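Novice: Work out the full structure: start from the sequences and follow the hints.
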Amino acid sequence: SPSALAVIPDEAALPTLRTLMLAGEALPPALAARWSTRVPRLLNAYGPTEATVCATISAPLAGEGSVVPIGGPVANVRTYVLDPWGEPAPVGVPGELHVGGVGVARGYLGRPELTAEKFVPDAFGGESGARLYRTGDRVRWLPSGELEFLGRSDGQVKLRGFRIETGEVEAALLAQEGVQEAVVTVRVDVAGQKRLVAYVVPREGVELSTAELKTGLRAGLPEHMVPGALLVLERLPLNVNGKVDREALPAPEPATDAEYVAPRTATEGALAAIWAEVLETGRVGVEDDFFELGGHSLLATRVISRLREELGVEVPLRALFEAPTVAELATHIDALRGDAEPDSERSASTHIPRRGGSGPAPLSFAQQRLWFIHQLDPASSAYNMPHALRLRGALDVAALRRALTELVRRHEAVRTALVEHGGEAMQVVLPAGPVPFPVLDLSGLSGEARHAEALRRVTEEGGRPFDLTRGPLLRALLVRLDGAEWVLSFTMHHVVSDGWSMGVLVREIAALYGACSHGLESPLPDLPLQYADFAAWQRDWLAGERLEEQLRYWRDRLDGAPPRLELPADYPRRQELGATETGQPFVIPAETTRALRELGQREGATLFMTLLAAWQTLLGRWAGQDDVVVGTPIANRTRAELEGLIGFFVNTLVLRADLSDDPDFRELLRRVRETTLGAFAHQDLPFERLVEELAPERSLTHNPLFQVMFALQNMEMGPLELGDVEMESLGPADAGAKFDVGVTLWESGDRILGRIDYRTDLFERSTVERMAEHFRRLLEDAVARSDRRVSELRLVGPAEELRLLAEWNPPRAPREVRLVPRLFAEQAAC
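Residue 359 in this note's numbering sits at position 359 of the sequence shown; the count goes up by one each step and never skips.
If a hint is listed, it holds; no wrong ones were tucked in.
Estimated spans, in silico, between C-beta atoms of each pair:
#1 Glu448 to Glu521: 39 to 49 Å
#2 Gly624 to Arg246: 53 to 63 Å
#3 Asp658 to Phe372: 31 to 41 Å
#4 Gly499 to Gly357: 24 to 34 Å
Hints are computed from structural coordinates only; laboratory data are not their basis.
All values reported here derive from a predicted model rather than from experimental measurement.
For each residue, glycine too, the CB sits at the ideal point set by N, CA and C.
Specialist: See below:
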């Protein structure tokens, strides 16, 4: 009886008491009060039909928080949280929930394709023939060992550059007073504009106001997650299975004047069209914000390039940050042009001209530096740029060979040789012709040996040196693994290529292969100019007052900068630069990434600027310096006609951060924003020319001007298709950088992935692992407490704090006499 439980010890009574309470039995008031905080009154069960209804269960207690977990697996059930590559996701990292065990169904009757997609081999259970069911649900492990449900994988959409979980928006709507049901989806209107649309059903007797609902959503959601249209329905349409029929949801009315304001002037119309092209979006209104639509620094540079080309006006990059809407920027442009129509002659004069003749052409400034380095060590492969692709399907090798030949014909850079001509290095374009394209067949080897040999051959090919005096400076290798799987590798020398160029190569090979496999001519338009035209133009254009203005800015900006960033290294510097290790990976989770974007938008800064401010904060804290200088690569394709070329355009900017006076993070972000905008406005000066002008003290132990790199890769490759053949990028072989430390970040879905490369002659891997963890924690604290001074932002977590405390306070033997001189000597030795 319930009264008898009063004399049973707590732990022994708990199971019985739990059963009674779940069965609805009444308890004596004193006993009920005693157990009210210990016994759950709710069981939260989760499970798909394909796993026999119930797979996990949770018994949450009152006051545990707003998020109720779905618990852990029940008996005879196994649950795994796997990333897109099928690997287990760490605690706290989202992934797709896979369910295994005796309850997993055999498949879908009469639907073998869907069965193969959803029921996959169990690589973890150790049971022959066992399978896992892919639920399509996004979850993550909590530190408690329970699972937290995050929404459907197919409920994640990308809109205006943001990853949005529609389930999260639906949950926010259901939390609004008077809402009974809610569904959120993305629709495309008649103008091709994507919109986030919400459908709600009110509770009985309640009238909902869409304006009030949007106001309530804005209180808890970032602006990009607030639906652009919100419809109130009497009921949601259902299909025969009783689920919401999304296809039957009514289309919203076209955007109202309050949501969309059409361009009113010729300048606004031209700007809206340019933004739509660069941002790859639909209709753009005059009140739309460039950065809220997904714009960033690289895309802003492309907008400035389009304005120069189409309107014949030079708009400073800073103007787009200060006037981020179409209406504001149009007003600024009209003021610059005096409300005049575009001057066609002036617009034409901004184009890079074709050089006359076909003889030797001068090297670009960047090529000249690499040529000099190559003369010091001609057998080096340090500046090779390898890239590998995995292909799956029925590949037409002959069509791929013809596509490669056509690409080499189109781009003179890859069939260029660098030779001495009259005592000066020049570039000479070689005649077009077939490129050596060896095909290696490894299908006769066993599975593991086949993949190992393919990796060895591709790595070997990527590390084979180029002779710059003989072209082409592009090599290709095709490795056949079996009848339907291949590895295609390209290797170019940096003197004729950069990261952007590799994207151009892959896209054009895909387009040319599609045409060649059907016996068609090239679908690609003729190139407006070649890399040699750019090199000749750069030499003439960057001279006189234009050169002096650029030099003046950089001399002032870097005056008095410290020659070296004194990071605490594990080994003393040697007399030559050591090898670079690639690298220590880390992940910035979705919550932090979202908060970084929101912080940047509030401060008028891009994600690049926000991450850079945090990275320079970390470096300053590690080095104990308030003057931090880093380098960053920039595409340097400031003109539209350069975007489709293969060539060496990338430049390096020197970015200096002022951490003096210990500013709060928001103030530091404003300082970094100003520095970055100024550097972008003066990016035409090649780094090589800057080093020559500033003439810093040269040393074989470290790089001039800066020793640490920072890079955010936000140039999307786009979908990779080779006709009917699936194509997956395997990425570059190595970092190829020669700096003390370098961090590379790139956006992956709603997260940011990172990698730290470092010199192995200076740092231990454990040190770099700690640096990566400190950077991640600093980002979390910076967005949570952006008003804190940078010296107060947390770098270490609880585990490291305990370890450090243990190291600083080692246990001492009883009665041991430790005299002050000895203690002092021990600390001096440390």
